Each structure stands twice: as structure tokens, then as C-alpha cells.
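Asks: Residue-level listing of the chains:
Protein chains: 2
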Amino acid sequence: MKVKQPDIGASCTAFAPASVTNLSCGFDVLGLAMEYPGDEVRLTVATEKGVRIKNIMNNSGSIPLNPEENCAGFPVCRLYELYGLEYGIEISIVKHMGIGSGLGSSAASAVAAVTAFDALFKTDLSLTEKLEFAKMGEAIAAGDSVHIDNIAASMYGGIVLVRDADSLDIIPLDFPATLWCVVLYPRITLRTEEMRNILPETVPLRKAVIQWGNLAAFIAGLHQHDMSIVKKAMHDEIIEPVRKTYIPNFTEAKQIAEKKGAIGTAISGSGPSIASLAESKAHAQAIHDAWTDRFNADGKKGFIYSSVINRRGAYVKDMYAE
Amino acid sequence: MKVKQPDIGASCTAFAPASVTNLSCGFDVLGLAMEYPGDEVRLTVATEKGVRIKNIMNNSGSIPLNPEENCAGFPVCRLYELYGLEYGIEISIVKHMGIGSGLGSSAASAVAAVTAFDALFKTDLSLTEKLEFAKMGEAIAAGDSVHIDNIAASMYGGIVLVRDADSLDIIPLDFPATLWCVVLYPRITLRTEEMRNILPETVPLRKAVIQWGNLAAFIAGLHQHDMSIVKKAMHDEIIEPVRKTYIPNFTEAKQIAEKKGAIGTAISGSGPSIASLAESKAHAQAIHDAWTDRFNADGKKGFIYSSVINRRGAYVKDMYAE
Numbered sequence: 011m012k013v014k015q016p017d018i019g020a021s022c023t024a025f026a027p028a029s030v031t032n033l034s035c036g037f038d039v040l041g042l043a044m045e046y047p048g049d050e051v052r053l054t055v056a057t058e059k060g061v062r063i064k065n066i067m068n069n070s071g072s073i074p075l076n077p078e079e080n081c082a083g084f085p086v087c088r089l090y091e092l093y094g095l096e097y098g099i100e101i102s103i104v105k106h107m108g109i110g111s112g113l114g115s116s117a118a119s120a121v122a123a124v125t126a127f128d129a130l131f132k133t134d135l136s137l138t139e140k141l142e143f144a145k146m147g148e149a150i151a152a153g154d155s156v157h158i159d160n161i162a163a164s165m166y167g168g169i170v171l172v173r174d175a176d177s178l179d180i181i182p183l184d185f186p187a188t189l190w191c192v193v194l195y196p197r198i199t200l201r202t203e204e205m206r207n208i209l210p211e212t213v214p215l216r217k218a219v220i221q222w223g224n225l226a227a228f229i230a231g232l233h234q235h236d237m238s239i240v241k242k243a244m245h246d247e248i249i250e251p252v253r254k255t256y257i258p259n260f261t262e263a264k265q266i267a268e269k270k271g272a273i274g275t276a277i278s279g280s281g282p283s284i285a286s287l288a289e290s291k292a293h294a295q296a297i298h299d300a301w302t303d304r305f306n307a308d309g310k311k312g313f314i315y316s317s318v319i320n321r322r323g324a325y326v327k328d329m330y331a332e
Numbered sequence: 011m012k013v014k015q016p017d018i019g020a021s022c023t024a025f026a027p028a029s030v031t032n033l034s035c036g037f038d039v040l041g042l043a044m045e046y047p048g049d050e051v052r053l054t055v056a057t058e059k060g061v062r063i064k065n066i067m068n069n070s071g072s073i074p075l076n077p078e079e080n081c082a083g084f085p086v087c088r089l090y091e092l093y094g095l096e097y098g099i100e101i102s103i104v105k106h107m108g109i110g111s112g113l114g115s116s117a118a119s120a121v122a123a124v125t126a127f128d129a130l131f132k133t134d135l136s137l138t139e140k141l142e143f144a145k146m147g148e149a150i151a152a153g154d155s156v157h158i159d160n161i162a163a164s165m166y167g168g169i170v171l172v173r174d175a176d177s178l179d180i181i182p183l184d185f186p187a188t189l190w191c192v193v194l195y196p197r198i199t200l201r202t203e204e205m206r207n208i209l210p211e212t213v214p215l216r217k218a219v220i221q222w223g224n225l226a227a228f229i230a231g232l233h234q235h236d237m238s239i240v241k242k243a244m245h246d247e248i249i250e251p252v253r254k255t256y257i258p259n260f261t262e263a264k265q266i267a268e269k270k271g272a273i274g275t276a277i278s279g280s281g282p283s284i285a286s287l288a289e290s291k292a293h294a295q296a297i298h299d300a301w302t303d304r305f306n307a308d309g310k311k312g313f314i315y316s317s318v319i320n321r322r323g324a325y326v327k328d329m330y331a332e
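Order-wise, the sequence lines are chains D and X.
Count along the first sequence from 1, then add 10; that gives the number in this note's numbering.
Count along the second sequence from 1, then add 10; that gives the number in this note's numbering.
It is worth saying that the hints were derived from the structure and are not from the lab.
These numbers come from a predicted model, not from an experiment.
Among the hints, a few may not be true.
[Unchecked claim] Label-pair distances were calculated between CB atoms; the ranges are:
| # | chain 1 | residue 1 | chain 2 | residue 2 | range |
| --- | --- | --- | --- | --- | --- |
| 1 | X | Ser136 | D | Thr261 | 30 to 40 angstroms |
| 2 | X | Gly94 | D | Ser290 | 47 to 57 angstroms |
| 3 | D | Pro258 | X | Gly94 | 37 to 47 angstroms |
| 4 | X | Met67 | D | Thr261 | 50 to 60 angstroms |
Where a beta carbon is used, it is the ideal one built from N, C-alpha and C, also for glycine.
Turn these sequences into a full structure, and let the hints steer you where they fit.
Replies: Below, the structure written as C-alpha cells:
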């Protein structure tokens, strides 16, 4: 495949948002996108052939600079090969989330990289194709346990259902425009792979039925814009009881959010971040403030983010080209 | 509680429809109502105190005439006590479905009985209260494994989600007006309890995730009126593989329906009936005809029913009172 290549020095910066997955009853199948934080990836066309990572801002130190080992770099390398580019590509990454935060940091970098590539080289990839390349980037970070819930939410925006990860079958869900999400990130790191290993391999059928009844109600409540249904549905019989002991302040944070009118509170991804759904900006602000007072009064123990659900997904933030 | 009692000889006949539950990916949580078949229950006010079953039409022989052991009689007995009625009640039942058909026969009788009682004595019960009494009737038939999916579908009509059976939390789902269901009832009997006992007590988490991803997609597809999503979602990883060997002609019936454009085909309840969803009357007719040709050409091997999804649920068919 050939594309018309932009001039040396042309660049494109794409933003891909943080994503909150699982949402209590939707283990491995649900994800939503925040407005912020998010990662930014800039690709610049360079004279010297090959893909290079020029710099990573806010790198906690553990992110590899070798593009073949980097979740933004890897899909760019594959696209670079696929399109047989004649120039080089330099990658700059601005990280706004910690690695292992449970907010889909690696997914956001991968999605932003693919989004920037597609725009800069006008490759006109479909959403599914972009997903496929971003998934390769996520695989670099996640190892054996590649899931596409974070990637799909970050790419599509909104709230998405991953019906089938292998065939990249993503279903964007309907939900009220007033829905907000508040995230408490306690600044510790949990490795996704370890948080998977603590899960049981089998579950009682009885519990699985409770879980899928709740997930089904969650979807129906979202589509019917009836948050009283979603509230009852946000209950996790299987994953949360096992993982919550690894999440600092989980039970207390959940209780505080509940008092402030949260629809529900869940572990974000495999943690350590905690996410609450709120039915309005005012509710979100109340949760945000209460969490700040209790867990981050000095502003040093972590980060708290709140935003309306992001319907845009990844987007091109800046384009410098002919 | 007291109600104004109608005159001796006053009567009310209620109809409650057959129901198809599970619908492949929604084991124990999904149910839909057919337009027909269904059971009819008539209650007549009599001089002699007490509740009596006067007759059962189309009784296959196994339905007890003692009201305390009968799924229509039992809830009437409880309501009779609750309201301290001074007259008697005579019950006539017309069965239009076989016991153990997988079409919610006992549920339909219980729901029709409660519906008739509520109308005849103007007790103005809420849907949830009616559900509670009908559940008592179902318990008479089902023993230890009482589920409310059949009752809920037969009472409410439409397609319902049972989020939580204990708290009778039922969520009516949105779906296209053109949706039909075709049922093949092979005239053999399977005992619900036995069909439960063959199920595994635990399931791999991996398979449970596939199942709830499909169920979530089923609900989203219904609400979005996108049958291509529902079609992909109608896949059962857990229950169908175990039960299908007990269902005569299941695999062939499924293949035939698929060729005729079915959205999906599943075991109805715990069988032996087989149900196909079709996106139009024409598709339903094509499946109906193909199944008739193959499985019931002589009209003796069973029954095939097709109807649009019944949105009305149980209703009063005839009222003879002041």
C-alpha cells in the first residue's frame, strides 16, 4: 500500500482520552471515555528513515524509548512498514496518566499514535482497522492479557460494549448526555497481569447469572436513560470482592460517593483507580469535593478527575502539514 | 383487608400467554410473551365457601384438582384468605399448552388466575403484587427451582429482564414492533428440575464473560432496533451445549430456521420447545412452514406456533358481573 507522503517537518498531534473499564458488573466488556486526562502523541515526518521516539514527557521512567517496545511506537512501526514509507517518523509522547493507574494509559498512547498516523498520512483507516493497530500497541504493554475495552473506549468515546474482543466487535451504547464520571487515582501502581492472576478461574453459575442480570439491566437502564435501574445494576458479585482488598480506600471511597448521590462506584479497570458514575455535573462535583477532602486534602496523594462522558473519543488536536 | 364482593354467579375469565425464556444468552433472566397459545382461567363466585377447581379442560391428566396443589388454585387460595372472602370461588381452567413444554404452562395458569381474581374482586393489585402471588403458584409446579422469568413475561407481556428474582425486579425491554417468535413444541415432556440438575454448578470465568458480553449486546441490539447485533449475540456458551442433547431435532431445527433468516434460535426455557426470533411476519412464516414440512408434516408430532411478540401480557378476556 502506498500513500502520498507529507513534507519533511509536517506533524500531527492526536489526543486519546483516559478510559474507565469494567464499571462493576461489566468485567472485560464495558468501557467509557473521560474528557481528561488523556495522552498526546505527535508524529513528525523526518528525513532519516525509520521510526524513532524523540521524547516522552511525564515519563515515570519505565516507558521504553525503543519504538518496538513502546505501545505508541509499536503500531506506528507496523503502519510504517505496511505503507512502505520513504521518510522517517519521529514520535513525541505526552503522558498525562500513570502507568498501571487503571485508566488505560497504554491504550490511550496507542490510540493517539494510530489516530495521528492515520491523519498525517491520510490513510483513511476504518475505526476497526485503527482498533486493530492500537491493539498491537496495547499488547506490548499488557503481554498475554490483551483486552480491547480500554482501546475501544478511548478510540470511540462514549460508553462501549466489547461483545467480542477477537473479532473487534464493539457496540457503542446509548446513555444520557448528563452522565459524568469521577475518578480517584491514588498514585500507586497495580500490575494488570497480577490483578488478573488473583481472579478465580471458575465462578458459580448462580453468581454468573446474578452478574449477567445486572449487566443486562445496566445496558437497559442506560438506553432507557433510567439511572435508578443503572444504580441497582452496578453491583459486582465476582471481581470486586476479590480485587477490592488491593485497592486503597475502596470501601470508604464508595460509601462517600454513595452519600453524595453517586449512581455507582467501581474499580476502574484492574485498579487502583476508583470510578463513580454521577447523573449530573453537580453530583460529580460533590463526589469530587468529598473525595478531595478525605483522600487528597494536601493535593499530594493522588489525582481526582471528573468529566462528562466523552462522546468524541480520540481526535486530532493539531495538524502542521501542507 | 376487605373488598366488596360481587354477587353469586359473577365470573371473570383471564388469559395469560405462553412465554419463551432464556433466549439463548439470557439464561434465567430473559423472557418474552407470545400472543398464543396461552391458558385461560375463569373464577366464578359461588355460595359455598372455599376455593374449588371445577374443571380443567385439555388436562393431560397430571394436573391436580386440589386447589392447594394446583398452580392456578394455590394463589387464589392465598388471595381468598388474605381478603377474607365470604363467598366461595370456583375455578375453571383451560390449558392450551402441555405441562413441561418449556412454554411456561404453569406460569400462564398462575398468572391468569391472579389476573382474574384481581379483576373480579377489584383488588387493584400492583404488577409486583400480582407477580408475588403468581410466583406462589409457579412454586407449586416448580418445586425448589422457582424462577420468575415465565411469570414476568406472561404477566407483563413484551420482552422482560429479570434483574433480581428475589426482589421481583423486572425491567421491560424496548424492542422493534415487527419482532416475531416461532415455537416448535415436539410434544415430549422434560422436567424443569431434571434439566436444571444436568447443568454445571460452576462455569469458567472466561465463558461467563463471553456469555454476559453476548447478553449485553442482545439488550443493546433490541433497544437500538438493530437485529444484526441481536443475531450475533444469540449464542449460548454455557447452557445450550449441555441441554441440546435432550432436545429432539434441535440442531436441525436451528439450521433450518437460520436458512430462513431467523435472528436466532434457542431452547425455550428448559425445553423441549425450540424458539426462533424473526424480524418480520414473513420471516416467521417461512420458518413456521419449513419446520412444519420437516417436523410436523402429518400434524401429529407436535405444535408449531408463531406470533408477533405480545405487548399486552395477561388480560381479562371476559367479565360477567354487576
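Asks: State for each hint whether it applies.
Replies: Hints, one by one, checked against the model:
1. X/Ser136 / D/Thr261: 30 to 40 angstroms: 35 angstroms, holds
2. X/Gly94 / D/Ser290: 47 to 57 angstroms: With Cβ atoms ~48 angstroms apart, the hint holds.
3. D/Pro258 / X/Gly94: 37 to 47 angstroms: 58 angstroms, violated
4. X/Met67 / D/Thr261: 50 to 60 angstroms: Because 58 angstroms falls inside the window, the suggested range holds.
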